[in-house]
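Asker: If you read the protein sequences in the order shown, they are chains A and B. First residue of the first sequence: -2, per my numbering; consecutive thereafter. First residue of the second sequence: 178, per my numbering; consecutive thereafter.
It should be emphasised that the hints constitute simulated quantities derived from the structure, not laboratory data. Treat each hint with caution, since some may be false.
DSS-like, lysine-lysine: derived pairs with alpha carbons at most 30 Å apart [stated by the list, open to error]: (1) B:Lys233 - B:Lys247; (2) B:Lys203 - A:Lys33; (3) B:Lys247 - A:Lys38; (4) B:Lys247 - A:Lys33; (5) A:Lys38 - B:Lys203; (6) A:Lys16 - B:Lys203.
As a plain string of letters, each chain reads:
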Amino acid sequence: ETGVTQTPRHLVMGMTNKKSLKCEQHLGHNAMYWYKQSAKKPLELMFVYSLEERVENNSVPSRFSPECPNSSHLFLHLHTLQPEDSALYLCASSQADRGDSPLHFGNGTRLTVT
Amino acid sequence: SQQGEEDPQALSIQEGENATMNCSYKTSINNLQWYRQNSGRGLVHLILIRSNEREKHSGRLRVTLDTSKKSSSLLITASRAADTASYFCATATYGQNFVFGPGTRLSVLP
């Protein structure tokens, strides 16, 4: 049972749709992350929130918009996506003030853009 | 540039054999972590080794770190079919976020 829950598990959307991915962590962590995992590519860090402040963007296209209303919840708002955005989107959390804190991942949302 | 890089990309062994995966990285690190990912699932943290440590054990897992060569290895002993998964190394540098390698896909045949 993971302490990080992501919904939905699967999502199919058209290029003109707007949808949101949700992540919730029950571990008391103070940092949350969005990663993108595409086939045959390393995990790509998209966004980092530490103590609810966004600290890294990594030049992600503006069609991806994160939101972190509190330390337990993280959203990724999607609009006008492209087929190449189809991937597994993983949320993770950690304890930001501990340099040796590992990442705890959710099971991801498998996104297909048609 | 990519920090961690696993080798081999894919590994297929028989149940009961040992599996060894390697990770190389480019810059100085604070710690190196290994993660496992079953198909269609999230990554699960396996073990962390700090830059001042050379070897660490956890159950059937043994991790080594050679900072002079900027490399680490993950050994899984007495492998089981349930060990079939992708394995990733991630390097952590103070003040920066984790960087993951592309992973090694391990298949353990019954």
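Asker: None of the hints should be skipped; say for each whether it holds.
Answerer: Hints versus structure:
no.	hint	in the structure
1	B:Lys233 - B:Lys247	16 Å, holds
2	B:Lys203 - A:Lys33	22 Å, holds
3	B:Lys247 - A:Lys38	22 Å, holds
4	B:Lys247 - A:Lys33	26 Å, holds
5	A:Lys38 - B:Lys203	18 Å, holds
6	A:Lys16 - B:Lys203	38 Å, violated
When each numbered hint is compared with the structure, a violation occurs for hint 6 only.
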